[in-house]
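Asks: Protein sequences, first through last, are from chains X and S.
Going by the UniProt record's numbering, the first residue of the first sequence is number 1, and it counts up by one from there.
Going by the UniProt record's numbering, the first residue of the second sequence is number 1, and it counts up by one from there.
One should not assume that every hint holds.
Claimed, not checked - Covered stretches of chain X, going by a simulated chain S footprint (3 or more residues, C-beta under 8 Å):
1. 214-227
2. 355-361
3. 387-394
4. 397-410
Unchecked claim - Partial chain S-side listing against chain X, Cβ under 7 Å, derived:
5. Arg48
6. Gly51
7. Met52
Just so you know, these hints were derived from the structure itself, not from any lab.
Yeah, the Cβ is synthetic: ideal placement off N, Cα and C, and Gly gets one too.
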Amino acid sequence: MTMNDVPKIITSRFDQGDAHTLDGYRRTHGYEGLAAALEKTPQQVADEVKAASLLGRGGAGFPAGIKWTLAPANVWPRYLVVNGDESEPGTYKDRMLLERDPHQLIEGVLIACYAVGCGQAFLYIRGEMAHAQERMAAALNEAYAAGFVGKNILGTDFSVDVVLHWGAGAYIVGEETALIESLEGNRGMPRLKPPFFPAAKGLYMQPTIVNNVETLSNLPWIIRNGVDEWNKLGAETSKGTRVFAVSGHVNNPGVFEVEFGVTTFRDIIFDPKFAGGIRGGKALKAFIPGGASAPWFYEEHLDLPLEKVAIDRAGSMLGSGAIVVMDEDTDMVKAALRLVRFFARESCGKCTPCREGTTWMEKIMQRILDGHGRPEDVALLMDTADNISVDFMWPPRMTTICPLGQSATTPIASAVMRFKDEFERYVGGPIELNVTVKGAAFIGPPTRKKEGSGV
Amino acid sequence: MSDTAAPTTVAITVNGVAVEAKPGELVIDACERNGVYIPRFCYHSRMRAVGMCRMCLVEIDGGRGPALQPSCMVSVSPDMKVFTESPVTKKAQDGILEFLLINHPLDCPVCDKGGECPLQDQTMAYGPGESRFVEEKRHFEKPIPISDLVYLDRERCILCDRCTRFAKEVAGDPLIHFQGRGNLTEVNTFPDDPFSSYFSGNTVQICPVGALTAKPYRFKARPWDLEEVESTSVVDSVGSRISVQSSRDRVLRFVGVDSDPVNWGWLTDKERFSFEALDHEGRLGGPLMRGNALGKLDAKGDQLVRATWAQALGAAASALTEAGPSRVGVLGGARLTNEAAYAWAKLTKGVLGTDNVDAQLADGLPADVVLGLPRATIDEACTPGGVIVLLGPDPKEELGALYLRLRHAVIEDRATLIELTPRSTGLSKFAAHRLHPRPGEVGELATALVADVAPTRAIAGVEPAAIAAATAALRSGKPVTVILGRTSLAEGTDAIVEAALTLRDGFPGVKFLSALRRGNVHGALDMGLSPGLLPGRTTLAASRAAFVDAWPNVPTATGLDATGILEAAASGRITTLVLLGADPLRDFPDAALAKKALETVEMLIAVDLFVTDSGRLADVVLAAAASSSEVDGSFTNLEGRVTAVRQKVTPPGTARADWMIAAELATRLGGDLGLESVEQIRAELAALSRIHEPLATGAFGDRDGVLITGGSVTVAPRERAVVPKSDAYSYRLIATRSMYDLGTVLQHSSSSAHLAPGTAVLLHPLDFDQLGVEAGARVKVSAAKASLHTIVHPDAGVPRGSAAMLFNQPDADVGGLLDARAAAIDVRVERV
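Looking at chain X on its own, in the form it has when it is part of the complex:
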């Protein structure tokens, strides 16, 4: 397959101006997947999705079909919760899906509800996404009026109510247990698993399936075209396509749907069909492959395929599908501070290491940037990170209920390990580290080939 015939599954309607309306959506096979699903038994639909090995697109990459089977049998009611609280820096794929193709999500929700046996679905959309909220609400109203949502859908005895809920601006609510707390009307703070695995004890202590917007948006296509068609796409372990949001120092930032495992980072960053290369023709310094909490990648990782296993092996993750590109002019200390500050401000305040540790790290980094840094501050920074994530490593060891606190340590590890010299310039002296970070992507700068070595 060449780069020119990129398959489009869920972004196929992005260029269709009226795709967000019911008429526009139905013109391009809208709600055909639902109709096809309702011809089958719920078990058949569930089996099909399981066979499709649709990996969750929220960040953890857990197969959706398996997730659905985790709800204990014969416990009713059970709920479907759609996680539309996309708030990680550089991540905006779900927002585009919500704004440009809301009916596709609704159809996916209905298929999932049918397969899992939910009579009620909750659509949780990030509070700041006003346009997405308007589009979603309008689409839902249309779908209700047309009989796609509500009682006796398409004349069958299958009924689902979809509840829209706007978030109040907390990043951590993207974590599924915090999202459930927030839906229940409490402060958005994560619950400890165990015992609160949502599939067993979720919303209102009932079995709850939490799926990402992108994950569910794939369902209409899978049902409409069949699992065999789907499984032709993608790599051995990651089937289908994936939507990436590329941002940073590129010529053409945006949301791109690519086939799993076929496209490489070099393609998506440099190909004119996608991000179109670094702006101003500058050189690449580093890029974040999968959201703010992912260890950074460098030049030497560019030829990795966009595929879960390969990237995991290289020491990072695809995560939320946000690729942030930094060119050669980037101040990496500043870049790391931006990420740490994000996590410090978004800490919910529940667990001590995250609440206190992230803020402390932000303060140390700010001091370094302000020119008040001492050489030993970088070691202190690393030791603080080591206390948030004991035995500093990737994937990080948890000292908290959710991974937010640990996430703040990865940009520090990446920046300090690779760009120690930049820190040394700020603190005005050589840095001695007493913490070693374990992780394939936490690597120092490449050693220059010696001249005349004959290689």
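Go by the hints and put chain S onto chain X.
Replies: Below, chain S alone, put in the same frame as chain X:
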């Protein structure tokens, strides 16, 4: 089938040592029970674990390799390996401690918690000597009052969620909450909504740092200067266990002690801060007698002036002798320890020879009902899955520590609560069945509840469907406990007693937990301070012969109860009245009768800690030592559980223990009680009352005390209660108490004295139209005997046709409307 039975222990290893845990036990508890203490801040064994502070992180290997996990959130599993001292565990815990300290002010030298602070202790034991945090710490305005009794210093707070969890989960008053996010998260109240919980003081006790401090204790002492003894709270009849802590012979605070069968460590603010009354400036340091403005003794004087014990006891003794047994009455005794109550019972019944003795003030229930029904413990009442019938006062207002236990039983242990109260209570929102009969008609309702055929019409104002549903719950086969007490002071006891007996006969196996509220009233009844009773839960009729040797003048006939004594005093048949810690003007539910009686008697003798409103009319006031921490003795709670009361400080001036006053008076009356020490009293009591043997052996001295069971009192058969007629223009009055009122101890506790909320008349919202007034209007409330002016407010918790008011409040004399002999009281409510 022993091989399928659930295992009773789980084998785990802690730091390589094999230990046995209980199934389902949390790792943190299993380790502590086996001598390995895991540090913690947020975990509290009486509240749900939240795993927030992360201090208790330890490496746990459940079979898949060691991983850091909060030991307060993980239950033991077979072959689990716990590492509390591994390098990874230590690294994690040290890191947490450093994180907690970076923003915590180092003002330990001026912090109330310093010296008993878990954070300080942890830091001393494991913390780094120096801080690596060079930035400015977090700042908040400090401290801020979050209620009348509690201050909050948000800079010291480590956000452990203990206080907020307590407020929400235990007390049910979610008035403090986390606000803000991340590092700027703070605990605070909602704007304009103070943390006005009856239980707010517990948050101060469980705060692991000095973020919450109590106004009455702030800056009063350093913990290392405090000495403590474990004692029992005498403020109400729950008998919560407390630690009495003093410095330089002054009690500076009461701290709740976790007694598993009783209060679980929690106290009401009323109990906790009642220590303030002990050294109130109004405390009596010696006896007083009538005198003139120059301070000279004068029997006709209009003041109370200082006298010597010889003068006061002499005057009292000669008045008692002159009056003779039939013209003497003694009211009160609930303030006394068991030992003092025995001494006073012996003085009155054995020496004076009068049976006109009543520890209750017509605000409780007949003694035979309290002692004669099958009794339940608090634990039995709170049996998981059991049925609780509330036929008594609002526990939240009158017996706070019991309220917390009942609330827990209903919410956490799925007990079913059935309310048979005249209006809604603090437990109503958890009640499965809310039956609110018209005052005076609960006997009829109980008859309908036990009937085989469901009623077809409303009974006592309760719909038949509600009665049928409650009957079904009562017949579910689960253990039934009735919380039995006085539902309202504006209704007689006949209907309540009838209801209790009907339930007893209708549901075999039902047990009763007494909800008489006042201090050691159950001890006083056990010691015979009630007409017709003798010590040991026995009657004059049954046991007179056995007592006659030890008590030479033991009466032959049953005497008068409180109402009878006051009526006799008002008509001149009783001429000498002893108030044994009683304040009838405030507490007797017929203020007019009490006033007439006190003004009519020739000799009024008050034995008290303070000059009460009634004491102001006294001829002789004898200064007593407080039972809560100035005397040794014992206390009997509403279950019949006897626990120790311990002396920690000396009484003011020459005030002395009540039993000594009784002994002195006996001598001057020409008798000799033969009682010289508390131990001797216990020995004599045990000789006369077999059920009280544990008092003589000292077996009651443990934290949980000893439950005294048995006794020979039976409930006397009664006529059917007369159902009072009501007319369509009147409202049935409901008079209840609130936690804070004009009670003697409260009014002498400077922090709590102003908390009495005052009263209004509350009507159901739908009754307003009929009345033609709007909420907040000023109205006149008239009963047969008196009327008063007050404000009217709507309250959906008051049934239609009833009118609810609070008794003993500063702004309205509800006691004046009451009549101790009436089955119910109707009032007119009119716009003025």
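Asks: Hints first: check each against the structure and report whether it holds.
Replies: Hint check results:
Look at the stretch 214-227 of chain X against chain S: 0 of its residues bring a Cβ nearer than 8 Å to a Cβ of that chain, fewer than three, so the hint is violated. A stretch counts as covered by a chain when three or more of its residues have a beta carbon under 8 Å from one of that chain; for the stretch 355-361 of chain X and chain S the count is 6, and the coverage holds. Using a Cβ-Cβ cut-off of 8 Å, 4 residues of the stretch 387-394 of chain X lie near chain S, which meets the minimum of three, so the contact claim holds. Remark: the stretch 397-410 of chain X is confirmed as covered by chain S, as 5 of its residues place a Cβ nearer than 8 Å to a Cβ of that chain, reaching the required three.
Because the beta carbon of Arg48/S sits about 11 Å from the nearest beta carbon in chain X, more than 7 Å, this interface hint is broken. The restraint placing Gly51/S at the interface with chain X holds, with a minimum CB-CB distance near 5 Å, inside the 7 Å limit. Given hint, Met52/S at the interface with chain X, holds; its Cβ is 5 Å from that chain's nearest Cβ, closer than 7 Å.
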